[in-house]
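Q: One-letter residues, chain by chain:
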Amino acid sequence: MASASASVQLSVRNVHKSFAGRGSAVRVLDGLSFDIHERDFVSIIGPSGCGKSTIFNIIAGLIEPDDGRLIYRGEDVASLRGRVGYMMQKDLLFPWRTVLGNVLLGLEMRGVAHRAAVARASEHLHAFGLSGFENAYPKTLSGGMRQRVALIRTLVMDPGILLLDEPFSALDYQTRLYLEGVLKQAVEKFHKTVVLVTHDIDEAVALSKRVVVLSGRPARVKAVHDIEIAEHSPIAARSDHRFAGYFRTLCGELDIQTEAEPSPAKQPEAAAS
Amino acid sequence: MSVITAEKPQGLDGPRAQKRKRALFDTMLGRAFLQAMAVAMLLVLWQVGVRLGIISDFLFGAPSGIYATFLRMAGSGELVADTGYTLFEAILGFVIGTIFGSIAGLALWYSIFVARLVEPFIVAINSVPKIALAPIIILWFGTGLVSKVALAVSLTAIVALIAAYQAAKDADTDLQALLISMGATKHQIFHKAVVPSTIPPIIATFRINIGFGLVGAVVGEFISSQHGLGHLIYTASSFYDLNTVWVGLFVLMLVGFVLYYVIDLIEHLLIPWKVATATHQVQV
Chain A
-4 MASASASVQL
6 SVRNVHKSFA
16 GRGSAVRVLD
26 GLSFDIHERD
36 FVSIIGPSGC
46 GKSTIFNIIA
56 GLIEPDDGRL
66 IYRGEDVASL
76 RGRVGYMMQK
86 DLLFPWRTVL
96 GNVLLGLEMR
106 GVAHRAAVAR
116 ASEHLHAFGL
126 SGFENAYPKT
136 LSGGMRQRVA
146 LIRTLVMDPG
156 ILLLDEPFSA
166 LDYQTRLYLE
176 GVLKQAVEKF
186 HKTVVLVTHD
196 IDEAVALSKR
206 VVVLSGRPAR
216 VKAVHDIEIA
226 EHSPIAARSD
236 HRFAGYFRTL
246 CGELDIQTEA
256 EPSPAKQPEA
266 AAS
Chain B
158 MSVITAEKPQ
168 GLDGPRAQKR
178 KRALFDTMLG
188 RAFLQAMAVA
198 MLLVLWQVGV
208 RLGIISDFLF
218 GAPSGIYATF
228 LRMAGSGELV
238 ADTGYTLFEA
248 ILGFVIGTIF
258 GSIAGLALWY
268 SIFVARLVEP
278 FIVAINSVPK
288 IALAPIIILW
298 FGTGLVSKVA
308 LAVSLTAIVA
318 LIAAYQAAKD
328 ADTDLQALLI
338 SMGATKHQIF
348 HKAVVPSTIP
358 PIIATFRINI
368 GFGLVGAVVG
378 EFISSQHGLG
388 HLIYTASSFY
398 DLNTVWVGLF
408 VLMLVGFVLY
418 YVIDLIEHLL
428 IPWKVATATH
438 QVQV
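Line by line, the protein sequences are chains A and B. Residues -4 to 268, numbered by my numbering, are exactly what the first sequence covers, in order. Residues 158 to 441, numbered by my numbering, are exactly what the second sequence covers, in order.
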């Protein structure tokens, strides 16, 4: 609906990447192309090990592609290093830094003056209900709180794109639902573009505007689905009458058998990773 | 009390009572009492053994004699002076060795090329028993304080270097990746991710290295010196003055003991984020 008319923020064009395996090189990405629009919320789903994290690492500038282009707002770029907010399944909070210190990390990298950085970090912590925890060390926090701090750390940098690599998959279901809501609100409040890698189809449908389905290795875009659910909250979205339909379609795309018999050729994605 | 027993099955009472009894001694004071009792028992048995002629006074000394010697030496000030010498040499050697070793080890993180280049040399140096260097070090640095410090440095620096380098290699790469995605430079990664994460393992080597510092100082004093606890022990033993030897040994033990807790304190001050949460151990 909106996706067709929206302008393209990041264009991934024909990206190739292989890794040295035993004997021969393993092709992980083989001409992968997709577009991310301004203020988009795209979920990328695909079988385990299909290269979802690899494309994130390429966008974030952690690894270099063998071939292909990244076009950011019309400009060819090597990577979006310094312009992305990367969040992973592990919260990656620095254990020797307090909550405030962790949130300040990105601003320190940018050389923001300390006082201004603290003011901004405190404001964000307040907005996410973490006032009073500024001086707590990560180990004393619950998993959900730690991931919330990681989200704040990502948002406080005001990144062009949020890259979220299964950020909630280590959390229990209730905490996950709650954080999905927090994420959705934050993204709308700060007008952020989000690319979410998830193995959770349910989460993909509930949060996204679009879902990109990747094929197994080497990864190619198998299909792109627009999710037209108007509900903003992830919980309300789950009770939308179209939710089940999208869910079933995406399961079908991933070759997850809805009947009892599992296919011997392709294993459905394991829940744990 | 009767309410509790009424609610709980009878069988739980036995182990509970036992646990309560253990809890009585499993306190700071209770443990100190038991430890003091153990030491006192040993000393009494020793003294009685000497009195009865079972233990040779000449070869083992006696607690009463050790105590008398201790009072005499402490009173004359020579014990304090000797302890001061040894302590100074050990601490200075420890500090210099740890600082240089740690800095060199951390610096190796910067260049994998240099690290690979020097690795066999580090292994080679590490495989030499550093104590074997003592005679040359005395030749080079003389019989005074410098040679003892140098010996302590040679023992501690390599331990610190290897520990620091290993810790830098082991630093969480995901944290470093996160910083890269934020646009960090190599220097920023080094001082925001690598260095802080190496501090706990480096401090862990302090415990080993403070002991090595003492070893360096005492061995240096054995070989050639006019002062120090090593000198005291060595000369006394050549005169079969076992009581003086024991005084030296007990003071060394006390020094090592105190230094260990000083390092504990330093650890608490330097890494509060680690200590705050690592207090509980699994109880079986």
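Don't read these hints as lab results, they were simulated from the structure. The reader is advised that the hints may include incorrect statements.
Claimed, not checked - Derived lysine-lysine pairs resembling PhoX-like cross-links, with alpha carbons at most 25 Å apart: (1) K204(A) <-> K187(A); (2) K326(B) <-> K343(B); (3) K179(A) <-> K85(A); (4) K343(B) <-> K184(A); (5) K85(A) <-> K217(A); (6) K184(A) <-> K217(A); (7) K204(A) <-> K134(A); (8) K326(B) <-> K431(B); (9) K184(A) <-> K204(A); (10) K326(B) <-> K187(A); (11) K85(A) <-> K343(B); (12) K204(A) <-> K217(A); (13) K217(A) <-> K431(B); (14) K326(B) <-> K184(A).
Q: Run through the hints listed earlier and report the numbers of any the structure violates, in increasing order.
A: 4, 5, 6, 7, 10, 13, 14
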